[in-house]
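2 protein chains.
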Amino acid sequence: MESQNVDRPVHCIVKLGGAAITMKNSFETLNEEDLLLTSKHLREAIMAAPSCKTPLLDCADATEEIGEGGLEPACRAAFIVVHGAGSFGHFQASSSGVNKGGLRRALVTAGFVATRVSVTKLNHIVVRALAAEGIPAVGISPFAAGWSTSKKSLDRDNVTEVRRACNVGLLPVLHGDAVLDSQQGCSILSGDVIIRRLAEAFQPNYVVFLTNVSGVFDRPPTEANAVLLNEIVVDESGDWIVVKPKLESSVTTAASNHDTTGGMATKISEAASIARLGINVYIVKAGTRDALQALMGNVRDTSTKHWVGTIVRSAYREL
Amino acid sequence: MESQNVDRPVHCIVKLGGAAITMKNSFETLNEEDLLLTSKHLREAIMAAPSCKTPLLDCADATEEIGEGGLEPACRAAFIVVHGAGSFGHFQASSSGVNKGGLRRALVTAGFVATRVSVTKLNHIVVRALAAEGIPAVGISPFAAGWSTSKKSLDRDNVTEVRRACNVGLLPVLHGDAVLDSQQGCSILSGDVIIRRLAEAFQPNYVVFLTNVSGVFDRPPTEANAVLLNEIVVDESGDWIVVKPKLESSVTTAASNHDTTGGMATKISEAASIARLGINVYIVKAGTRDALQALMGNVRDTSTKHWVGTIVRSAYREL
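Those protein sequences? They're chains A and B, same order as listed.
Start counting the first sequence at 1; every next residue gets the next number (this note's numbering).
Start counting the second sequence at 1; every next residue gets the next number (this note's numbering).
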């Protein structure tokens with residue numbers, strides 16, 4: 001806020017997948033190891049991020065006081081984190097049908113409240129984990145910030161508060177949340193919808209999806225012969241094609257079949273909706289060396305020839 | 001949101017004093033007993049609140065599904081809770097001088113982040129405690145909702161999100177928070193400032209301050225001969241006079257002396273700033289029968305002849 005007329009550029013938006021930071025199938029259970037590793041990777045990536053010319057923070061002054069374990073210099077380009085719910089909130093939401101709306105019904109209201117208690121618990125844990133690594137993380141709950149839907153589609157956002165936080169050197173941490181819906185009373189706003197809106201608003205240099213598998217495969221990774229898709233190119237219309245490896249059309253067809261691909265088509269379409277904006281998306285396994293490289297934007301240079309993950313890029317933008 | 005054109009009236013705004021729900025002098029320690037009792041009292045008060053005519057929720061439908069332990073019928077007039085920080089956030093904020101601002105300095109940024117981690121932790125605990133009693137509580141962090149200050153004075157609020165939550169039958173829970181400041185970078189927004197703004201915006205029937213002593217005394221309650229002030233009358237200018245008990249002027253003078261009264265003058269002026277709006281304020285010890293009576297607005301009827309607490313009322317409004 002020291003100089004509201006200059007916006008600090010956003011370098012990278014990170015999606016912390018619910019499946020990566022929680023044990024998706026056991027109630028409100030954290031994947032502490034991956035959360036810790038991811039926090040350390042984020043710190044490293046923030047430290048390596050390009051400096052930005054915004055006069056918001058005095059680097060000299062800041063770095064002088066930082067030192068080991070201190071906070072990251074906010075004179076670097078900003079990062080934004082959005083995490084999913086995983087095993088936090090998911091059960092409460094689905095059992096009460098929050099996404100179907102109807103706050104007239106006590107059961108739905110109970111589910112709405114229980115879902116928020118659970119997802120905000122996870123948000124608090126994530127913010128604390130990042131802060132413990134010296135990252136100036138601040139939680140911004142979409143419901144509290146006024147994000148809402150209309151017939152389940154994003155209706156009102158609050159990009160302004162995220163920008164204000166970035167501009168003073170803070171790292172906003174948003175999350176999938178139960179929100180109000182102008183048509184059906186309430187609904188679930190997914191982290192993916194939030195990421196897409198933020199990517200559109202901030203035009204980051206790249207977006208990273210941290211997940212619990214090595215990237216996107218042509219079929220469930222558990223299946224024999226599952227092939228990791230290295231590079232997918234997306235055009236303006238959102239249509240995409242796998243350019244590496246070269247696949248037989250049959251496999252490509254399978255890739256667009258929701259039922260047989262373990263949701264990989266959904267993953268691709270989420271990434272494609274961002275890549276079509278001209279922003280590259282790196283999908284990679286959380287807590288790995290490849291995740292760190294992705295967070296640093298190094299998915300191509302020689303030192304990372306063997307980078308393992310999926311690049312979903314715009315047909316109009318090279319890496 | 002089912003009918004945005006009708007605003008649900010706000011019956012009562014409750015301040016949960018930091019000294020009442022936490023052990024003020026031991027780091028991040030809860031006063032579990034008082035929080036539990038207060039949650040039960042709030043549930044009882046909400047159930048007894050007058051019905052409002054807003055068609056927002058179908059009472060028949062709602063009550064049918066509620067039953068013991070279920071959620072409160074949202075067809076009743078709304079309650080709003082604002083809690084202080086007590087031993088959560090206070091230490092982090094004061095040690096780093098967050099209220100003095102200067103996010104250019106890493107120490108202040110660290111303090112800002114640590115303060116928010118601590119106060120949001122308490123907010124989560126309070127929301128969970130209320131929800132456990134079947135109250136549809138939702139946390140609304142002022143920072144996330146966009147409340148901010150300018151030279152430490154409230155600059156931007158977000159009453160809209162609080163109203164939206166009330167309108168769909170939820171009970172918003174706000175708290176004192178570290179916020180951005182357009183002049184000095186950051187500052188502390190106290191729960192009292194938030195309460196005053198909400199009282200102004202919602203014109204509740206009354207406001208209750210739940211604290212850790214029986215009310216406001218003419219000197220520190222620990223002192224011998226400390227006299228509980230039963231009734232204080234406030235005029236439009238905010239000037240106040242103790243009408244019960246009748247005090248010798250000397251004592252009244254003492255009452256306005258910040259140094260010798262254990263902050264009671266501050267307490268009175270906070271309450272007076274609300275009472276001057278024509279809204280009565282009841283200051284009472286949390287967890288007591290008197291607190292329950294205050295939350296129900298019964299500080300005068302015969303059944304509560306012996307109500308113990310301090311009434312700060314407008315000269316232009318009877319009880």
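Note that these hints are calculated values from the structure, not bench results.
Don't take each hint at face value.
Which copy is meant is left open, so a pair is good if it fits within one copy or across any two.
With a Cα cut of at most 30 Å, we get these calculated DSS-like pairs of lysine-lysine [unchecked claim]:
| no. | residue 1 | residue 2 |
| --- | --- | --- |
| 1 | K151 | K246 |
| 2 | K24 | K121 |
| 3 | K246 | K152 |
| 4 | K121 | K40 |
| 5 | K244 | K152 |
| 6 | K100 | K152 |
| 7 | K285 | K151 |
| 8 | K246 | K121 |
| 9 | K40 | K151 |
| 10 | K244 | K121 |
| 11 | K246 | K100 |
| 12 | K246 | K40 |
| 13 | K152 | K40 |
| 14 | K151 | K244 |
| 15 | K244 | K100 |
| 16 | K24 | K246 |
In this text the structure is predicted, and so the values were computed from the model without any measurement.
**Item:** Broken hints, by number
**Value:** Failing hints, ascending: 1, 3, 5, 7, 8, 9, 10, 11, 12, 13, 14, 15, 16.
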